[in-house]
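J.: Quick one: dock chain against chain with the hints and give me the complex.
What follows is the residue order along each chain.
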Amino acid sequence: MVNVFAVPVFFICFRECLETSIIVSVLLAFLKQTLGPEKDAAISKKLVRQVWSGVILGVFLCVCIGAGIIGAFYQLDKNVFESAENIWEGVFCLVAVIIITLMGAALLRVNKLQDRWRTKITATIEAKDFSSLPLKGRLKAWSEKYAMFLLPFITILREGLEAVIFIGGVGLGMPASSFPLPVICGLTAGCLVGYLIYKGGNRTSLQVFLVVSTCFLYLVSAGLFSRAVWFFEAHAWNKIAAGEAAEAGSGPGSYNIRKSVWHVNCCSPGSMGDGGWGLFNSLFGWQNSATYGSVISYNIYWLFIILGFGLMGYKERTEHWPFRRPLPSVRETETDSTEEQKIGEEKKQESAVYANLREMNE
Amino acid sequence: MAIYIPNLFFILLLLSLFSSANAGTVTYDFDISWLHANPDGAAVRPVMGINGQWPIPPITATKGDRVIVNVKNSLGNETTSLHFHGLYMNGSSHMDGPVGVTQCAIVPGSSFVYNFTVDQPGTYWYHSHNRGQYPDGIRGPLIVHDSNSPHKGLYDEEIVLTFSDWYHDLMNGLINSFLSLSNPGGAEPVPKSALMNDTQNLTVSIQPGKTYLFRMINMGAFTAQYVWFEDHTMQIVEVDGVYTEPMEASMIYMTAAQRYSVLVRAKNDSNANFAIVGSMDQDLFDQIPERLNPNVTGWLVYDDKKEKRAPKLVDAFEPFDDFNLVPYDKGEIFDHVDHSITLDLKMDTLDDGANYAFFNDVTYVSPKVPTLYTVLSTGPNATDPAIYGSNTNQIILEPNEVVEIILNNNDPGKHPFHLHGHNFQLVSRSADEAGPYVENGEAKPAIPMKRDTVLVRPNGNLVLRFRADNPGVWLFHCHIEWHVISGLIATFVESPLLIQSQFSKNLHNLPQSHIQACVSSNTPMRGNAAGNTLDYADLKGENRSPGPLPSGFTARGIVALVFSCMAAAVGCAAIGWYGMGDLKG
Chain A
1 MVNVFAVPVF FICFRECLET SIIVSVLLAF LKQTLGPEKD AAISKKLVRQ VWSGVILGVF
61 LCVCIGAGII GAFYQLDKNV FESAENIWEG VFCLVAVIII TLMGAALLRV NKLQDRWRTK
121 ITATIEAKDF SSLPLKGRLK AWSEKYAMFL LPFITILREG LEAVIFIGGV GLGMPASSFP
181 LPVICGLTAG CLVGYLIYKG GNRTSLQVFL VVSTCFLYLV SAGLFSRAVW FFEAHAWNKI
241 AAGEAAEAGS GPGSYNIRKS VWHVNCCSPG SMGDGGWGLF NSLFGWQNSA TYGSVISYNI
301 YWLFIILGFG LMGYKERTEH WPFRRPLPSV RETETDSTEE QKIGEEKKQE SAVYANLREM
361 NE
Chain B
1001 MAIYIPNLFF ILLLLSLFSS ANAGTVTYDF DISWLHANPD GAAVRPVMGI NGQWPIPPIT
1061 ATKGDRVIVN VKNSLGNETT SLHFHGLYMN GSSHMDGPVG VTQCAIVPGS SFVYNFTVDQ
1121 PGTYWYHSHN RGQYPDGIRG PLIVHDSNSP HKGLYDEEIV LTFSDWYHDL MNGLINSFLS
1181 LSNPGGAEPV PKSALMNDTQ NLTVSIQPGK TYLFRMINMG AFTAQYVWFE DHTMQIVEVD
1241 GVYTEPMEAS MIYMTAAQRY SVLVRAKNDS NANFAIVGSM DQDLFDQIPE RLNPNVTGWL
1301 VYDDKKEKRA PKLVDAFEPF DDFNLVPYDK GEIFDHVDHS ITLDLKMDTL DDGANYAFFN
1361 DVTYVSPKVP TLYTVLSTGP NATDPAIYGS NTNQIILEPN EVVEIILNNN DPGKHPFHLH
1421 GHNFQLVSRS ADEAGPYVEN GEAKPAIPMK RDTVLVRPNG NLVLRFRADN PGVWLFHCHI
1481 EWHVISGLIA TFVESPLLIQ SQFSKNLHNL PQSHIQACVS SNTPMRGNAA GNTLDYADLK
1541 GENRSPGPLP SGFTARGIVA LVFSCMAAAV GCAAIGWYGM GDLKG
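In order, the protein sequences belong to chains A and B. When we follow the working numbering, the leftmost residue of the first sequence carries the number 1, and every step to the right adds one. When we follow the working numbering, the leftmost residue of the second sequence carries the number 1001, and every step to the right adds one.
Isolated chain B (complex conformation) (with noise of 0.2 Å):
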């Protein structure tokens, strides 16, 4: 303890240093509880609400404000966890919310504090990060205001529009269907329709002349969304929290968990209403059930007294591509590259006979031990990899090297890859069916785009550059919750050293609310992934996921094959015995 307090000055220092004037503190008391509601008008349905609401209250704030967000879950019958999207929670890791990464669930009855300060503006949004549960309802915005934007005078008003997809049943029985016997080609659950808003029909009150900022965001389970103003253009000024320079688009497509701000200038007259079209992408869905409506419609609603048309057919979908947007600071392109990773995703079945999702032939499944609380408990062993478990896809970077992560996509579907703690450079996205990435010397954007959820084409590749400057433990993940389930995702454990540093190097320096949940949920809090304080190389007793199938022959199969070929040879011994006894007859 004694060492700690000269820490937490340390801290405050820094925070006094960087905070502007007005930075303030928000506080948001959250009591997480099941109510019931039925957005889309087609089925009454249970959701995870907050303080006895649905849809969920946004999280805003202020650049450079401290938020504090007290969680208290109220379920009864299932843990949670939140984690605040896009946030790099720079000295705050452990704050960042994935259960089984950096805490322990949050037991039902129990609470716990979230306390971390946002040093970036932009658009973002908050969700739990507890086994596929956050399309049961618990996602919301979560908005960072700027009074420095640069594009602050562009605009008169600002409206966030959140995309989702929408289930009418509760995702464990979901994930059980989906993850089991029955389903060995891993179709994922088809939405049952689309939500603007949370809800359908949203209309958006815009008047003549004016201009808007929309800040959308695709809080969807699964599935990306086509988006278009009807007769109106916009102009991308942001995309998951990094501002870039203007860029006009009639249709962007925004994958699960992506963010786009755009501007929209409203007409000068008011004579009709225009629809606001959120389009799901049906590529994703393995069968297209005859009767789902792909679409959402929402309108910018001039004049109230005036109809509002049914959006028109478009001959195709032609997205904006992001790889072409510029950010606003001009970031050049990481050239040096100290640390090159290739990841290779495919989906393949295991001895359980259920579907799942690989990097490198390795699917993910939590360790016993959050990793963050194996990095503060190992001491030096903290940057050996192999203490984290064999099925964490873990890697260890070194503090301030530019890491590269070269992804190949082995599997013919879309998927949205969201790194936590960072937004990343693109440097390279193929088209479908480019196979696996090969440095062909081709040029790379001397200014590459950055964003935080980048989608990766069909059976095509990507390659991503970041810096590691923010000591913590990230996860790489496909933000399809299905895949999340099925173990695509990869351990980032950056600077471990510096992360105990930031601990004092004692476990204990967590906050009461984390080592509690950790207590209450009956979770060992210290030693590698298997829990042994001991001998951090023995994993044994670690979670573990299925073997893989068995391949061609094994014994049974050898035992019953000679055992058939023998039945045949004495069946026909006994017919050859039986038919020359008609000559001796």
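Looking at chain A on its own, in the form it has when it is part of the complex (with noise of 0.2 Å):
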């Protein structure tokens, strides 16, 4: 099962096409806002056709790089990591868990993504403000004329390449088997659920399915991090057995008594043949033998995060973070006089922006 689905990539694909649907989203709205098929049909047509050829042909390119990434990867010598396998696995694991932590909130912020990326696209375009491009000539017109290929193409080239070394980061320590499932799987449900906020589907029911997701992405990190630990304690185990340890299999040896919570002779995630047990483990960090490190890394690991939401929802609901005296009166005129600017800035982007559109369509 771990062989051919790894979870880790599952939710970062999910997340990462989440986001390249948010802003295909964004640029078609933003397209249908300044000018909708009831002004010209003909020019909102190729418009919208830019802007898919460009999503698809930086997906496609995204998917090429990343294949010929991880390919590459795998075809380095494996002994390079076998030597300290232990060690490695744990540092994948690591890098895995900072990874799923510092992206994981986002997901909940639907509205906040939405957001940065409409300024986001908005600054661009309006940056695009063609007299202050450095081009000249037929590429300075060409690159005028196909900005609504461009603008998705180069943001999802770029969002997607991070996405590669993600998932490269997360899978670093996994079989190149376990990839295409998931990633197949997390586009898919990325897509549909980008699709579903666009047409602007039951926010409630969406909310609650993104939670859940963040939930798994969170227990799965949680699992992650207490498997680092682990393999960094088998790592000192097994130096110290002196090779006992992995012909031990997942009986007495297998696992150092003095640091053992628990142990099972059964079960082992890294048997073959209880492919159960290996779902288990990379969805919950399971482990048949549980030592000290692993059960107290992996409770201090929700602490941080029990923690970290706790004060980022304060922080949300108060407008200051908790033990510091808000000053209310100053705030309130700031926000309110940014949020007027912001608005102004706004009409004058679109404006700018349908100027240059209806010029570049004459």
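Derived from the structure by calculation, the hints contain no laboratory data. Please note that the accuracy of each hint is not assured.
Quick list of in silico lysine-lysine cross-link-like pairs, DSSO-like style, CA-CA up to 30 Å [claimed, not checked]:
no.	chain 1	residue 1	chain 2	residue 2
1	B	Lys-1063	B	Lys-1330
2	A	Lys-239	B	Lys-1368
3	B	Lys-1192	A	Lys-239
4	A	Lys-259	A	Lys-239
5	B	Lys-1505	B	Lys-1540
6	B	Lys-1505	B	Lys-1368
7	A	Lys-259	B	Lys-1346
8	A	Lys-120	A	Lys-45
9	A	Lys-120	A	Lys-239
10	B	Lys-1368	B	Lys-1540
11	A	Lys-239	B	Lys-1414
12	B	Lys-1210	B	Lys-1267
Please read these numbers as outputs of a predicted model, since none were measured by experiment.
T.: Structure follows, in structure tokens:
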């Protein structure tokens, strides 16, 4: 099971794809807003096609590059890692934990994601206030003409490569065969959710879905953190037991009894045929031989997550960090004025872009 | 004391009856001390020598002789003892030698007297029987000549050939790393080399046309050796002190502690010299070190000027199967068994993380009071097995009953089993991987082979029979010294009430040096295994093995798992709380 479905890879694909969907939806919504079909059906159709071809080409290139990088990685001499396999496994787990922990929370703030992309794209379009571009002649004319292609293409390429690097980081310790399936599933799920967001479906059930996904994401991450510590300990034990540990399978001798919290002579995630336990391991960090280190690190990780989300939630609801007094009157006026400013700027941008698009069309 | 004198008389009377006319007394004064030696030319190391010599001198006697060995322990840092391997010690069980069984350890600076008669001819050996000590060098041949040997006319000369594995480190250090957390699989230390007569490249001068009796002894700690004489055949005439019908063999397999006497007829010319090869059985090794030379070579030297060629390679090891031997006395099988004992062997890890060996789930731990002294100090209670402790694998044998040992080797290793105080009939021995013994009416040999050390095959079984006609406390154990350390020992308490009567029911009839050894080593001499002299059923404070490994989920495991699940649940709740906060905003 674990050999064909790497759970962290699934979540990363899901999240990055969701982000891509949001970019696309922001762009499409933007086009709809600025030149709806009632205004100029032909132009609109052309531009929408540009957006989609940019998206498709971007995704395609990402997949190619990603497959290339990961493929190249697996072509590397495996012996580099085998000499201290447990150390590497532990490091890979830690890398995955850091990536997942940092990006996971954003999944819960789709609104913010949308906002962020809306601002970003608008800013980019505005920057292409083409006179300022250092391009000249035909290239400049070409990039002006295909702005709606280049925008999603470049953005997706950038975000997608980020995903590839993340997947590479998370999946370093996993067999190559565990990639394709979760990548496909993650992409499908991401597209589906992105579409639902675009269509503006039931926000509550969508949010419930995202919460559940995020919970899984952090369960995986906590398990990975625990496994990282476990791998380091296993490495130390293997050094003590001088290779005897590997020989012992999951029986006595495979673990250091002085550090053992529990040990059952079965259900080892590593052994073939115990497939279910392998899934259990990658989802929740299950070990048939738990150590003080692995159990304590698991709990500490959750403590960190609880505190983190608690603080973020507190900040969002009260507009200030705990134990810091807010400055109510000054703050309110500040935000008011900035918001007004923003709205004003957006309007300006929109008109500028609209003008540009009209120009382009002519 | 008054009772003792007539008893002594009686013994003397018996002695004079059994001894032949020329029976005498052989006395050895052995001062055991540390020396340095380098028998394999690879490392100088401390060895335990005797009277400033190493290799240590052989003990030789003639059948019927009284042997007196005055031992002085000058090691300074280790206790010791001597065991005379294969001697029945009939009527003198207290001279057998294992520490914690028939005597207290001889502490540094003190002396001890072994005094016994040998009424059995053949090839034996003697070695320390004190916590894995003999591989440090204190092991040597013990030869009992016999003017009435049935094979006497068949050879011109006899030559003793010892074989041994050899370590470069002291046993104490090796034992500590063997029996430790860092060796959970119980991998036995692999020897550094093999020795022949405690050296390598031994030369044995041979005269053409003569016949030689080679008395071969494996004095190794661990390793069995394949032995052959290049281009010569052997005729086996004795194993472990038991004369056999001569049988031809081109290669024999000699486990640790086994002995073979073989006749080798020299060639009629001296055109070439021939290799004698001992080759360690590498199946026993957990990992074979890259640079290990498993072989030791010597030469039958017909002509000193001729080349001593390296031995030819052999295609396969196809040794003689000792099951096929026929004892010279044609002793028939004990076909009526009075007392059948099944011993299931296994290896397992205990909760100190080290690997132990078990008979019927019990690993041997030396009791506080040497078992023989428990016999002698507990009166009629001595027939109650419980008083001998929880970790001695004790079995009480009744006088003269026929005992059968069914040994099931539930371990993938080969084990040479040795019984003190007896030899036994080898009634059945399975092939590798045969599993536990099942009585299926298969024909047993009418005249079974007898010896005192026998190989059981990996995951196989064997059946031994003997008559309990020798009162005493006798160990039955694997003669791989590592497995002695890890507890692969059972204790036969044979006819305890008869042992008591040998000492007129009084512990103080033990020789003075026996009593002194216990005083010097602060070892209690009375009471049950725990040294309790009031309530023999109370074993509180006895020596125990570490407990079993905790299996599965213990209390702390459950607490840890519940805590982790709760942490995860609360964490998910926090994510949910934060996540759903997005809708309100």
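J.: With reference to the structure, classify each hint as holding or not holding.
T.: Tested hints:
1. Lys-1063(B) / Lys-1330(B): Holds, at about 21 Å.
2. Lys-239(A) / Lys-1368(B): violated, 37 Å
3. Lys-1192(B) / Lys-239(A): It holds: about 23 Å lies between the C-alpha atoms, which stays within 30 Å.
4. Lys-259(A) / Lys-239(A): OK: Lys-259(A) and Lys-239(A) at ~15 Å, within 30 Å.
5. Lys-1505(B) / Lys-1540(B): holds, 26 Å
6. Lys-1505(B) / Lys-1368(B): With Cα atoms ~21 Å apart, Lys-1505(B) and Lys-1368(B) stay inside 30 Å; holds.
7. Lys-259(A) / Lys-1346(B): Distance ~25 Å between Lys-259(A) and Lys-1346(B) Cα, so the pair holds.
8. Lys-120(A) / Lys-45(A): holds, 23 Å
9. Lys-120(A) / Lys-239(A): violated, 52 Å
10. Lys-1368(B) / Lys-1540(B): holds, 11 Å
11. Lys-239(A) / Lys-1414(B): holds, 28 Å
12. Lys-1210(B) / Lys-1267(B): holds, 8 Å
The structure is inconsistent with the numbered hints 2 and 9, although it conforms to all the rest.
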